[in-house]
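Protein chains in written order, with the working numbering: chain A, 1 to 112; chain B, 1 to 112.
Treat the hints as calculated values from the structure; they're not laboratory data.
Take the hints with a grain of salt, since some may be wrong.
Partial selection, computed: residues in chain A whose CB lies under 10 Å from chain B [claimed, not checked]:
| hint | residue |
| --- | --- |
| 1 | Gly-71 |
| 2 | Tyr-72 |
| 3 | Phe-102 |
| 4 | Gly-105 |
Given the structure is predicted, the values throughout are model-derived calculations rather than measurements.
For each residue, glycine too, the CB sits at the ideal point set by N, CA and C.
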Amino acid sequence: ILNVEQSPQSLHVQEGDSTNFTCSFPSSNFYALHWYRWETAKSPEALFVMTLNGDEKKKGRISATLNTKEGYSYLYIKGSQPEDSATYLCAPFTGGGNKLTFGTGTQLKVEL
Amino acid sequence: SQTIHQWPATLVQPVGSPLSLECTVEGTSNPNLYWYRQAAGRGLQLLFYSVGIGQISSEVPQNLSASRPQDRQFILSSKKLLLSDSGFYLCAWSFGDGYGYTFGSGTRLTVV
């Protein structure tokens, strides 16, 4: 079973704060790294798919970086808004199978 | 375009009763199909995945089973539900190449 760790487990920030989370994963047999945004009782929403070492993706106020050699990815949110409140999941795809292994997620709560 | 349907949205079942959750995909052929579960206070755990009709891989031993009777239909079943089967169940599909993982809307199962 792939060991995927996300930190912190939960995070409370004020509106307007910038924040970041970490996803750590085994660097061997790496193929792609997925980030999802998941609101309670809804479908996870795909944010980014990252494949290349040093890759950086951006979507509005959210961006992510990838280091495949050391096995980590950072997700950044600039100027957090209450609607950013959700659980952010990362999932590496190792190519050795056909499945994603999800981390336990970082639960973000943005308060007014 | 491809769509994924999952039902029912919510379900309350007594302990010992059977279960059948259904997931169907439209607009594509030969997708990889997945069942995930989020139990209370835990992350997203892969239960089963399928790369073709009648082909089921089980990730964890449990009280559940899965079947794929048709190319775009994936069914999660149990003969006798346990309290520990309660959780949020998500169906997903992908092309199996490390990209494009799309989730259904989920089923909230409460076993009482």
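Against the structure, the hints come out as follows:
The interface hint given for A/Gly-71 is broken, as the beta carbon of that residue sits about 16 Å from the closest beta carbon of chain B, more than 10 Å. Checking A/Tyr-72 against chain B: minimum C-beta separation of about 18 Å lies over 10 Å; hint violated. A least Cβ separation of about 4 Å between A/Phe-102 and chain B falls short of the 10 Å threshold, and the interface hint therefore holds. Given hint, A/Gly-105 at the interface with chain B, holds; its Cβ is 6 Å from that chain's nearest Cβ, closer than 10 Å.
Of the numbered hints given earlier, the model fails hints 1, 2; all others are met.
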